[in-house]
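Number of protein chains: 2
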Amino acid sequence: MSAAPAVSQEGPLALICGGGSLPLAIADSVSARGRQVLLFPLQGIARPEDYAQRPHTWVRIAKFGTLARAARAAGCHEMVLIGSLVRPAFWQVRFDLTTLKLLPRIAAAFRGGDDYLLSSGARLIEEQGFRVLGAHEVAPEILVPKGALARVQPSEGERADIALGFDYLHATGPFDVGQAVVVAGRHVLAVEAAEGTDQMLERIAALRASGHIRASTVGGVLVKAPKRGQDRRFDLPSIGPRTVEGAARAGLAGIAVVAGSTIVAEPERLIAAADRANIFVVGLPAGSEQ
Amino acid sequence: MSAAPAVSQEGPLALICGGGSLPLAIADSVSARGRQVLLFPLQGIARPEDYAQRPHTWVRIAKFGTLARAARAAGCHEMVLIGSLVRPAFWQVRFDLTTLKLLPRIAAAFRGGDDYLLSSGARLIEEQGFRVLGAHEVAPEILVPKGALARVQPSEGERADIALGFDYLHATGPFDVGQAVVVAGRHVLAVEAAEGTDQMLERIAALRASGHIRASTVGGVLVKAPKRGQDRRFDLPSIGPRTVEGAARAGLAGIAVVAGSTIVAEPERLIAAADRANIFVVGLPAGSEQ
Numbered sequence: 018m019s020a021a022p023a024v025s026q027e028g029p030l031a032l033i034c035g036g037g038s039l040p041l042a043i044a045d046s047v048s049a050r051g052r053q054v055l056l057f058p059l060q061g062i063a064r065p066e067d068y069a070q071r072p073h074t075w076v077r078i079a080k081f082g083t084l085a086r087a088a089r090a091a092g093c094h095e096m097v098l099i100g101s102l103v104r105p106a107f108w109q110v111r112f113d114l115t116t117l118k119l120l121p122r123i124a125a126a127f128r129g130g131d132d133y134l135l136s137s138g139a140r141l142i143e144e145q146g147f148r149v150l151g152a153h154e155v156a157p158e159i160l161v162p163k164g165a166l167a168r169v170q171p172s173e174g175e176r177a178d179i180a181l182g183f184d185y186l187h188a189t190g191p192f193d194v195g196q197a198v199v200v201a202g203r204h205v206l207a208v209e210a211a212e213g214t215d216q217m218l219e220r221i222a223a224l225r226a227s228g229h230i231r232a233s234t235v236g237g238v239l240v241k242a243p244k245r246g247q248d249r250r251f252d253l254p255s256i257g258p259r260t261v262e263g264a265a266r267a268g269l270a271g272i273a274v275v276a277g278s279t280i281v282a283e284p285e286r287l288i289a290a291a292d293r294a295n296i297f298v299v300g301l302p303a304g305s306e307q
Numbered sequence: 018m019s020a021a022p023a024v025s026q027e028g029p030l031a032l033i034c035g036g037g038s039l040p041l042a043i044a045d046s047v048s049a050r051g052r053q054v055l056l057f058p059l060q061g062i063a064r065p066e067d068y069a070q071r072p073h074t075w076v077r078i079a080k081f082g083t084l085a086r087a088a089r090a091a092g093c094h095e096m097v098l099i100g101s102l103v104r105p106a107f108w109q110v111r112f113d114l115t116t117l118k119l120l121p122r123i124a125a126a127f128r129g130g131d132d133y134l135l136s137s138g139a140r141l142i143e144e145q146g147f148r149v150l151g152a153h154e155v156a157p158e159i160l161v162p163k164g165a166l167a168r169v170q171p172s173e174g175e176r177a178d179i180a181l182g183f184d185y186l187h188a189t190g191p192f193d194v195g196q197a198v199v200v201a202g203r204h205v206l207a208v209e210a211a212e213g214t215d216q217m218l219e220r221i222a223a224l225r226a227s228g229h230i231r232a233s234t235v236g237g238v239l240v241k242a243p244k245r246g247q248d249r250r251f252d253l254p255s256i257g258p259r260t261v262e263g264a265a266r267a268g269l270a271g272i273a274v275v276a277g278s279t280i281v282a283e284p285e286r287l288i289a290a291a292d293r294a295n296i297f298v299v300g301l302p303a304g305s306e307q
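So the protein sequences, as listed, match chains S and Z.
Positions 18 to 307 (this note's numbering) are the ones given, in order, by the first sequence.
Positions 18 to 307 (this note's numbering) are the ones given, in order, by the second sequence.
These are computed hints drawn from the structure, not numbers from a lab.
Every value quoted in this text rests on a predicted model; they were computed, and no experiment measured them.
Idealized CB from N, CA, C, for every residue including glycine.
Check the hints yourself; a few may be wrong.
Said to hold, decoys possible - If you want a taste of the chain Z side facing chain S, the calculated C-beta under 10 Å gives, among others:
hint, residue
1, P65
2, D67
3, G138
4, L141
5, I142
6, E143
7, F192
8, V205
9, A210
10, A211
11, Q216
12, A226
13, I288
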């Protein structure tokens, strides 16, 4: 029963980095806790300029052998998959030997929804002897807390829109579709599916600019919720400064998410953007979405 | 018990015409049956060039007095509301005296969803002594029949996508949102809300062009269904040649709707477009969507 410090037991943490600013925020947070981080940006998904200033090793999806060897050589036992993913075309993927053996199961994963792809990926990594953690397990401060993050609070009408949004997302939970809707004046204006949150917000902005959205629906709320049965280790819904800017351009009054089940990238910049645009950002207690 | 021909009892039929080609198709069909049609295109919604060759009277939403007087003067007792509607901004509407008395209830209608707006409108018209009919009641041949309309038949995989689409629309029925989704490879790629079917299809085309849609989801199906509890007299889902062209541009394999509960505009042109694009258009028995 030796009581060695947790840090030395854990070894370095491998971060497999998708797109967006979140992977680097997590890397900084884990480093600040005194744990070494190995960055493995995904080729064709992470942006090269984001990694230019830091040690990193580019990896390819489905070339898990390279990644596994580099991680093992560094004494790493734990991995986190984080950042936005655009699912690659199956025929664009070039497989290495380690991965090739797993091909039938990968092909099956490609046929399923996003959740299935990610949890299959995690299972494959774990079979190679690594533990897959959620980003919020290594950097808990990235989760949205309860209450209003910025200055503005939602009105009563906006709270009714939020409730309707959570109801809708709850009803569509079994379908592994998007995790976000825009609701205004008790009316669902947009539902996110393959296009992602940013594009959905652009759509609202365009519909408003062209007069295609009803005048009864000024304002409105972006509502995001985790899907039921979703593997919390990855693919928790996330918001960041860009989400706030998109919501502001779409003329929305605010953003509502589930506290403790939503990742916030760059919280200071997000709060500044919300206060600039005069929109609210609230974390509601888990259970609000059910 | 005199047995006068139905035609003379009915008097002329008033058609309140929204956007699109459907109102004129219905007008032609009713005229061909020997019944006189009065066309009332809605200002700001119907296109003037579509009505240039026919007698018509422009009307404004919420100026029901003009419409009611013109219809009564012509001995008309029955009305049909047909065509696409873009909900007007409440403050852009100018009310006449007849309508002004009903203002509190109209305001309430504006706060509800589309279904509520339309059924409230129909109730107001009926209180003025008119009967409001569904377009399919005066022109039953506009309903999609059971089976494949064009040459191509859906594959087994496509039938599974169709079933998933109907399941999704059934689950979201209580929300008065859109009536259409795009499903490919057992994955919901897009959900229609305020943007309408044509724009949703454009989105799929754009996502595919930019490589943002997964390769596992080639093909795919546009699935449309009536909402539960929808007033069948108006707002039945509809398809037309434009829907087929949009589906083809989006790379879809076909279109599935509920037979007997979907309106088809310009069926000959729709079938020709489907055969040109090699995509299927099927009407499935009512109940498939439940």
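Here is what the structure says about each hint:
The beta carbon of Z:P65 comes no nearer than 18 Å to any beta carbon in chain S, farther than 10 Å, and the hint placing it at the interface is violated. Below 10 Å, beta-carbon pairs count as interface contacts, and Z:D67 has none with chain S, the closest being about 20 Å; its hint is therefore violated. Using the Cβ-Cβ criterion of 10 Å, the hint placing Z:G138 at the interface with chain S is not satisfied: the shortest such distance is roughly 14 Å. Below 10 Å, beta-carbon pairs count as interface contacts, and Z:L141 has none with chain S, the closest being about 17 Å; its hint is therefore violated.
Of the supplied interface hints, the one on Z:I142 is violated, with its beta-carbon coming no nearer than about 21 Å to a beta-carbon of chain S, more than 10 Å. Nearest Cβ of chain S to the Cβ of Z:E143: about 23 Å, over the 10 Å cut. The hint is violated. The closest approach between the C-beta of Z:F192 and any C-beta of chain S is roughly 5 Å, which is under the 10 Å cut-off, so the hint is satisfied. Because the closest C-beta pair between Z:V205 and chain S is about 4 Å apart, less than 10 Å, the hint holds.
A distance limit of 10 Å between C-beta atoms decides the matter here; for Z:A210 the minimum to chain S is near 5 Å, and the interface restraint holds. Nearest Cβ of chain S to the Cβ of Z:A211: about 4 Å, under the 10 Å cut. The hint holds. Restraint check, Z:Q216 versus chain S: the minimum CB separation of about 8 Å is within 10 Å; hint holds. Because the smallest distance between the Cβ of Z:A226 and any Cβ of chain S comes to about 13 Å, over 10 Å, the interface hint for this residue is violated.
Look at Z:I288: its Cβ only gets to about 29 Å from chain S, farther than 10 Å, so that hint breaks.
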